[in-house]
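*Asks:* In the UniProt record's numbering, the protein residues as written are 1 to 156.
For the record, the hints were derived by calculation from the structure and aren't laboratory data. Possibly wrong hints are sitting among the right ones.
[To be verified] Between beta-carbon pairs, the in silico distance windows are:
| hint | residue 1 | residue 2 | range |
| --- | --- | --- | --- |
| 1 | Cys31 | Gly146 | 18 to 24 Å |
| 2 | Met29 | Ser69 | 26 to 32 Å |
| 3 | Asp33 | Gly98 | 27 to 33 Å |
| 4 | Gly98 | Lys75 | 22 to 28 Å |
[To be verified] With a Cα cut of at most 27 Å, we get these calculated DSS-like pairs of lysine-lysine:
| hint | residue 1 | residue 2 |
| --- | --- | --- |
| 5 | Lys19 | Lys30 |
| 6 | Lys116 | Lys30 |
| 7 | Lys150 | Lys129 |
| 8 | Lys75 | Lys137 |
| 9 | Lys87 | Lys75 |
| 10 | Lys124 | Lys30 |
| 11 | Lys137 | Lys30 |
| 12 | Lys156 | Lys116 |
| 13 | Lys19 | Lys129 |
| 14 | Lys137 | Lys116 |
| 15 | Lys156 | Lys124 |
| 16 | Lys5 | Lys87 |
| 17 | Lys60 | Lys116 |
| 18 | Lys150 | Lys19 |
| 19 | Lys87 | Lys156 |
| 20 | Lys87 | Lys30 |
| 21 | Lys87 | Lys129 |
| 22 | Lys60 | Lys150 |
| 23 | Lys133 | Lys60 |
| 24 | Lys19 | Lys60 |
| 25 | Lys116 | Lys150 |
| 26 | Lys30 | Lys5 |
| 27 | Lys116 | Lys133 |
| 28 | Lys75 | Lys150 |
| 29 | Lys19 | Lys133 |
| 30 | Lys60 | Lys30 |
| 31 | Lys87 | Lys150 |
| 32 | Lys137 | Lys150 |
| 33 | Lys133 | Lys150 |
These numbers come from a predicted model, not from an experiment. Ideal Cβ positions, reconstructed from N, Cα and C, are used throughout, including at glycine.
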Amino acid sequence: MAEAKTENWWDALPAPRAKCSEMTADELMKCFDDMDLTNDPRSFLLIDVRRNDWEGGTIKASLNLPAQSFYQSRKILLDLCDRASIKQVIFYCGSSSGRGPRCANWMQDYVEDVSKFGRNSNLKILILKGGIKGWVKEFEGSMMDGFEEKYWEQFK
């Protein structure tokens with residue numbers, strides 16, 4: 001008897017066309033530092049696309065939009081970013097090797113698609129290289145909300 005093929009959650013959605021660039025943890029920390037030094041309004045948004053594995057904390061002030069339901073949220077996210085003068089959206093997941101890049105690329109696809117109809121957005125979409133695991137490896141609990149040191153010991 002043949003086993004039933006289990007589908008991935010993303011199989012019902014279009015494959016992303018875009019290939020977004022990465023931002024390193026050091027570059028993101030510089031964004032936080034620059035914001036503190038200049039007292040400028042925040043010009044970037046962090047999107048944590050983890051769902052069930054949203055443990056151990058999250059990078060400071062990240063918005064949690066699970067990858068499994070993200071695709072349907074692209075329009076409202078673009079609207080919010082445009083209204084808030086957000087210039088960069090940085091996506092991440094555990095290691096930024098699956099969900100984070102997929103959601104970032106879907107968002108970039110959407111930005112490009114709506115530009116064909118006259119809606120121009122200067123929004124830059126990026127992927128946090130190494131995801132939250134890379135962030136914790138580089139900075140431990142710095143600039144994190146809900147950091148749980150014990151949780152991260154398993155990755156050392």
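*Asks:* For each hint, tell me whether it holds in the structure or not.
*Replies:* Hints, verified against the model:
The beta-carbon spacing between cysteine 31 and glycine 146, approximately 20 Å, falls within the hinted interval of 18 to 24 Å. At about 29 Å, the CB distance of methionine 29 to serine 69 agrees with the hint of 26 to 32 Å. Here the CB-CB span from aspartate 33 to glycine 98 is close to 29 Å, well matched to the stated 27 to 33 Å. Checked against the given bound of 22 to 28 Å, the beta carbons of glycine 98 and lysine 75, roughly 23 Å apart, stay inside it.
Of the supplied pair hints, the one linking lysine 19 and lysine 30 holds, its CA atoms being roughly 23 Å apart against a limit of 27 Å. A distance of roughly 33 Å separates the Cα atoms of lysine 116 and lysine 30; the hinted pair therefore is violated under the 27 Å criterion. The straight-line distance between the Cα atoms of lysine 150 and lysine 129 is roughly 23 Å, inside the 27 Å bound, and the hint therefore holds. Proposed proximity of lysine 75 and lysine 137 is contradicted: the alpha carbons are some 33 Å apart, above 27 Å.
At most 27 Å may separate the alpha-carbon atoms for a hinted pair to count; lysine 87 and lysine 75 meet this at roughly 16 Å. As the CA atoms of lysine 124 and lysine 30 are separated by approximately 17 Å, the hinted pair is consistent with the 27 Å bound. Only pairs whose Cα atoms come within 27 Å are accepted, and lysine 137 paired with lysine 30 is accepted, the gap being roughly 16 Å. Annotation: proposed proximity of lysine 156 to lysine 116 is violated, straight-line Cα distance about 46 Å (limit 27 Å).
Using a Cα cut-off of 27 Å, the hinted pair lysine 19 and lysine 129 holds, with the two alpha carbons roughly 13 Å apart. As the CA atoms of lysine 137 and lysine 116 are separated by approximately 40 Å, the hinted pair breaks the 27 Å bound. Proximity of lysine 156 to lysine 124 is assessed by CA-CA distance (about 32 Å); at most 27 Å being required, the pair is judged violated. At roughly 41 Å between alpha-carbon atoms, lysine 5 and lysine 87 are farther apart than 27 Å, so this suggested pair is violated.
Straight-line distance between C-alpha atoms of lysine 60 and lysine 116 comes to about 34 Å, which puts the hinted pair past the 27 Å bound. Using a Cα cut-off of 27 Å, the hinted pair lysine 150 and lysine 19 is violated, with the two alpha carbons roughly 35 Å apart. With a C-alpha separation of about 34 Å, the suggested pairing of lysine 87 with lysine 156 is violated against the 27 Å cut-off. Taking the CA atoms of lysine 87 and lysine 30, the gap is about 15 Å. The hint holds against a cut of 27 Å.
For the hint linking lysine 87 to lysine 129, the alpha-carbon distance of about 19 Å falls within 27 Å, and the restraint holds. Only pairs whose Cα atoms come within 27 Å are accepted, and lysine 60 paired with lysine 150 is accepted, the gap being roughly 18 Å. For a cut-off of 27 Å, the pair hint linking lysine 133 to lysine 60 stands: about 14 Å separates their Cα positions. Annotation: proposed proximity of lysine 19 to lysine 60 holds, straight-line Cα distance about 26 Å (limit 27 Å).
Using a Cα cut-off of 27 Å, the hinted pair lysine 116 and lysine 150 is violated, with the two alpha carbons roughly 48 Å apart. In summary, the hint linking lysine 30 to lysine 5 is not supported, as the alpha carbons are separated by about 45 Å, beyond the 27 Å threshold. Proximity of lysine 116 to lysine 133 is assessed by CA-CA distance (about 37 Å); at most 27 Å being required, the pair is judged violated. Of the pairs offered as hints, the one joining lysine 75 and lysine 150 is violated, with about 37 Å between alpha carbons and a cut-off of 27 Å exceeded.
Annotation: proposed proximity of lysine 19 to lysine 133 holds, straight-line Cα distance about 21 Å (limit 27 Å). Simply put, lysine 60 and lysine 30 have alpha-carbon atoms about 14 Å apart, close enough for the 27 Å limit, and the pair holds. Between lysine 87 and lysine 150, the direct Cα distance comes to roughly 35 Å. Violation of the 27 Å bound is thereby established for this hinted pair. Note on lysine 137 and lysine 150: the hinted pairing holds, with a Cα-Cα distance of about 14 Å set against a maximum of 27 Å.
Restraint check for lysine 133 and lysine 150: satisfied, since their Cα atoms lie roughly 14 Å apart, inside the 27 Å limit.
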